[in-house]
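Q: As a plain string of letters, each chain reads:
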Amino acid sequence: MAAFILISSLKVLVVFSVFMLIVAYLSYVERRVVARFQTRIGPNRVGPAGLLQPIADAIKLLTKEEVFPANANRIMFVLAPILSLIPALLIMSVIPFGDSLTLFGQRIDLIISDLNVGILFVFAVTSLGVYGIVMAGWSSNSKYSLLGALRSSAQMISYEVSYGLSIIGVLMMAGTLNLMEIVKSQANFFDWYIFKQPLGFLIFSVCGIAETNRAPFDLPEAETELVAGYHTEYSSMKFGMFFMAEYAHMLNVSAIVTTLFLGGWQGPWLPPVVWFLLKVSVFLFGYIWLRATLPRFRYDQLMSFGWKFLLPLALFNIFATGIFMYL
Amino acid sequence: MTLTIFLILALVSVLSSILVITQKNSVISALYLIVTLGSQAVLYFLLGATFIGVLQIIVYAGAIMVLFLFVIMLLNLKRDEFGPDQKKGQRVLAFLFTLFLAVEILAALKIGFSDGGTPAGAVLNPASGSPSEVARSLFIDFLYPFEIVSILLLVAILGVVVLVKKRF
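Going line by line, the protein sequences match chains H and L. Take the position in the first sequence, starting the count at 1, then add 7; the result is the number in the working numbering. Take the position in the second sequence, starting the count at 1, then add 3; the result is the number in the working numbering.
Just so you know, the hints here were simulated from the structure itself, not pulled from any lab data. All C-beta atoms in this analysis are idealised placements derived from N, C-alpha and C, irrespective of residue type, glycine included. Only true hints are included.
To give a feel for the contact side, a few chain H residues facing chain L, derived at Cβ under 10 Å:
# : residue
1 : 123
2 : 132
3 : 134
4 : 141
5 : 145
6 : 146
7 : 153
8 : 156
9 : 184
Under 10 Å between C-beta atoms, here's a sample of chain L residues computed to sit facing chain H:
#  : residue
10 : 34
11 : 44
12 : 53
13 : 56
14 : 57
15 : 64
16 : 65
17 : 68
18 : 70
19 : 77
20 : 133
21 : 134
Given these sequences and hints, build the entire structure.
A: Written out as structure tokens, the structure reads:
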């Protein structure tokens, strides 16, 4: 029991630290990469090649003045960023990033919690992420925030449907909800579900981007019309937490795509953890690439795309998978 | 250990459900309802029914309550619209129904406790909460009732669409 608690706490500590480090440096990478796309240089002053920029940003955010809007609901206003960050951090606890290894005679699974219903846990926690945004918009007592929050929650509800349906094909073929077993069922390169479920992969990626409110689906914080959407009134570290939640969600979606469609931690020669991180970074680069390339959707385009195109497509994918498996 | 967790969650669940009906502000009572549903999900986890617990979060806390909040925020109800209700008959009816419910719960508890101490149906059986067991009862044992309910839901959704849409 004591060994179990010790190992679990160590795993949580390591995963959390690495996760936060990646989240911090993701903002740096994004700024540099987007700058390259736009033939700029990006932040390169703090430290060598600007590598200390995230630390400078963190210090800036922590030392800034906290502003509370007049007539804002104080408790909810403080709770909102916390509630949007925690679900984003929880998802990592069920993502497998390697097979088990033996250390000092103890068998250690490279996953914090090998849940029987792992993928459902991911969806449950993802769906709770909306509350942070809704509460932020409502408690700020500002029209921009409220409109941003309404847009965001409508968008997340709409895309969550196709998001959930798009992976049913994978679950049908794998025959399990356990993420570790889903990874293990993709042992060969051509067993990867990106080849067996190309449609599911496409729908899942698009919905994943919409779920994280990223470009081209970043209507909730469309700066030209809503200032900054639901976090307009936030300053200091509370704004920083929304920011971290967004990057953490990007990382989560990439990790889930890797686990479900790209064979998870499996790969030749290199250690599993390295493969996992490599695949995640490829997908993250795609995220940044999209942001630098595509213009924003219009709101009605977004809604009709979600409901009239992605949802029927996801249903068709389930139907087709069912027929193929029956034959 | 399990008992401690249960007691804490039961307390949270009961307190937050009382707060749901005592709050003046409808947004805040909706949020307390989410706390209630969440703590109930953890109670399911304690019973070993992980699948049902996760579904509770996905369906109720994650989907239905988001829609609730969304509608409340869209309508933007003011505080004074939640004053004491003027209709006298409603109060009497509400009292009667609550009384019925209380008697029902008491009767259920009495029957449950009369044989052996554990309430009927509260026996811990981890296998019954697994996804495959739930799927078996839904798609094999109770296939026809399940499909009929799904058609009923579909009809209800279509009915709402027809009622709301003015022109075709």
